[in-house]
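Novice: Residues per chain are reported as follows:
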Amino acid sequence: MYSQYKLQDDSGLLRETASQTSGPFVHIGLALEIAGFESRSDEIWQDLAKEGAKGEHIELVGHVYDGNGEAVHDALIEIWQADSDGNYVANFDNKQPFSGFGRSACALDGDFHFHTVKPGQVGFYGKPMAPHVSLAIFARGINLHLQTRAYFDDEPEANAECPILNSVPSVERRKTLIAKKEQGDGKPRYRFDIYLQGDNETVFFDF
Amino acid sequence: MSHKYPSFLPRDRSWQPAQYTPGYKTSVARSPSQALVSIQRASDSERSGPVFDGLEIGQYDNDLLMNFRTEGEQAGLPIGERIIMHGQVIDQFGKPVPNTLVEMWQANAGGRYRHKKDNYLAPLDPNFGGVGRFITDADGRYHFRTVRPGPYPWPNGVNTWRPAHIHVSVMGPSISTRLITQLYFEGDPLIPLCPIVQVLKDPEAVETMIARLDMTMSKPMDCLAYRFDIVVRGALQTYFEE
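Read top to bottom, the protein sequences are chains A and B. Heads up, the first sequence is in my numbering, so the first residue is 1 and it goes up one at a time. Heads up, the second sequence is in my numbering, so the first residue is 208 and it goes up one at a time.
Honestly, I wouldn't trust all of these hints.
List time: in silico SDA-like cross-link candidates among lysine to any residue, alpha-carbon distance up to 20 Å [what the hints assert, rightly or not]: (1) A/K54 with A/H115; (2) A/K181 with A/F205; (3) B/K302 with A/V122; (4) B/K324 with A/H115; (5) A/K175 with B/Q241.
Derived list of chain B stretches under chain A, where covered just means 3 residues or more per stretch with a C-beta under 8 Å from a C-beta of chain A [what the hints assert, rightly or not]: (6) 327-335; (7) 343-352.
Only some residues are given here: those of chain A computed to face chain B with a beta carbon under 10 Å [to be verified]: (8) P97; (9) N143; (10) D153; (11) V171; (12) K175; (13) G184; (14) K187; (15) L196; (16) F207.
Note that these hints are calculated values from the structure, not bench results. Cβ coordinates follow ideal geometry from the N, Cα and C atoms, glycine included.
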């Protein structure tokens with residue numbers, strides 16, 4: 001047996017493989033066009049919704065800032081969201097109108113850019129959660145990816161009732177999870193800037 | 208209410224690296240200062256995740272000796288130590304994780320990345336790209352063919368070098384199991400010197416990232432093999448839930 005896995009905790013469970021930063025060159029692996037690399041036949045990228053996808057087509061954009069207020073240009077963002085009916089479409093396929101998973105990077109103009117549809121409400125133990133997108137942030141200097149959620153500022157009633165948003169102890173900090181609608185280019189655009197540290201630090205979740 | 212999706216064993220964040228690890232300087236300004244907010248009962252949003260059956264995987268996507276060969280006079284194979292990197296994705300209960308996406312990227316044999324922001328003086332290899340991907344089989348197994356990457360210097364301390372490593376990304380059954388790590392090679396003396404490795408407090412956690420030389424899977428007169436198994440969070444069936 002040549003595996004490195006003989007490691008078990010006291011209850012006999014294997015230990016999760018340790019996480020490491022995705023480093024400065026994450027793009028050559030997960031965002032090929034940013035690295036200046038030729039794309040393969042099929043890539044996981046930032047257009048979750050194609051023409052014909054059901055629901056309201058939106059853009060989700062944002063910067064990532066470090067604790068000094070500097071833009072983090074080497075971040076990679078992954079999102080996972082329900083479709084416009086609030087169902088998770090597990091199957092990723094660029095040939096179908098909508099996939100619930102996508103990736104973007106902040107390398108070009110500092111913004112990540114997702115073209116998607118506004119998600120519907122997903123149930124939570126018999127209650128609805130407000131429409132939201134789950135995000136994972138990977139970058140040089142981030143040892144274990146950070147997990148957050150983007151909600152929408154034009155859903156104030158749903159947001160006020162959302163059990164997960166309400167579980168954030170600081171009422172003030174809940175605001176860091178609300179994407180702001182702005183003038184878009186042909187379709188509504190929501191801005192979700194992520195502050196890794198300091199003033200306005202975004203809420204990050206453990207789950 | 209029943210759930211379509213399993214829940215997962217909690218992530219042990221004392222085993223995993225802390226966010227603020229000043230020996231790795233970039234973490235200082237990129238680590239949250241506030242505590243994470245724990246989602247006490249994971250919802251379908253956390254329990255579900257993408258499946259990549261519909262992603263078209265090319266013939267050589269897991270073969271880095273073949274997937275960046277140039278045309279014309281320079282056409283050939285990459286320079287470096289030819290290796291097979293293989294292993295199994297399992298969960299904390301030892302259960303195989305079939306049909307999941309494993310991605311990897313790396314520098315060439317000289318420690319140079321094919322990335323426009325890498326300006327290390329070691330040259331690019333015209334026949335080496337450095338990216339691979341594979342979907343695990345029914346037993347959770349994956350394999351790549353590549354060259355062993357070289358160490359490279361980086362501006363952290365005044366003379367800091369990364370050990371030879373391959374970046375490895377795995378999705379697992381849910382976004383809860385999502386993990387990016389780095390594979391290191393058994394016996395590399397740079398491992399204990401590296402500030403990025405040292406973000407882990409427990410030496411046993413470092414062991415989970417060290418691929419073992421695997422002579423049984425090497426090919427005589429062709430290439431060596433390294434085995435790297437990946438453990439993702441254990442999936443629980445939930446029998447009783449309100």
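Novice: Give a verdict on every hint.
Specialist: Now the hints, each set against the structure:
no.	hint	verdict
1	A/K54 with A/H115	holds (13 Å)
2	A/K181 with A/F205	violated (23 Å)
3	B/K302 with A/V122	violated (29 Å)
4	B/K324 with A/H115	violated (27 Å)
5	A/K175 with B/Q241	holds (15 Å)
6	327-335	violated (count 0)
7	343-352	violated (count 0)
8	P97	violated (12 Å)
9	N143	holds (4 Å)
10	D153	violated (19 Å)
11	V171	violated (13 Å)
12	K175	violated (14 Å)
13	G184	violated (25 Å)
14	K187	violated (24 Å)
15	L196	holds (5 Å)
16	F207	holds (4 Å)
Taken one by one, the earlier hints fail for this structure at numbers 2, 3, 4, 6, 7, 8, 10, 11, 12, 13 and 14, listed in ascending order.
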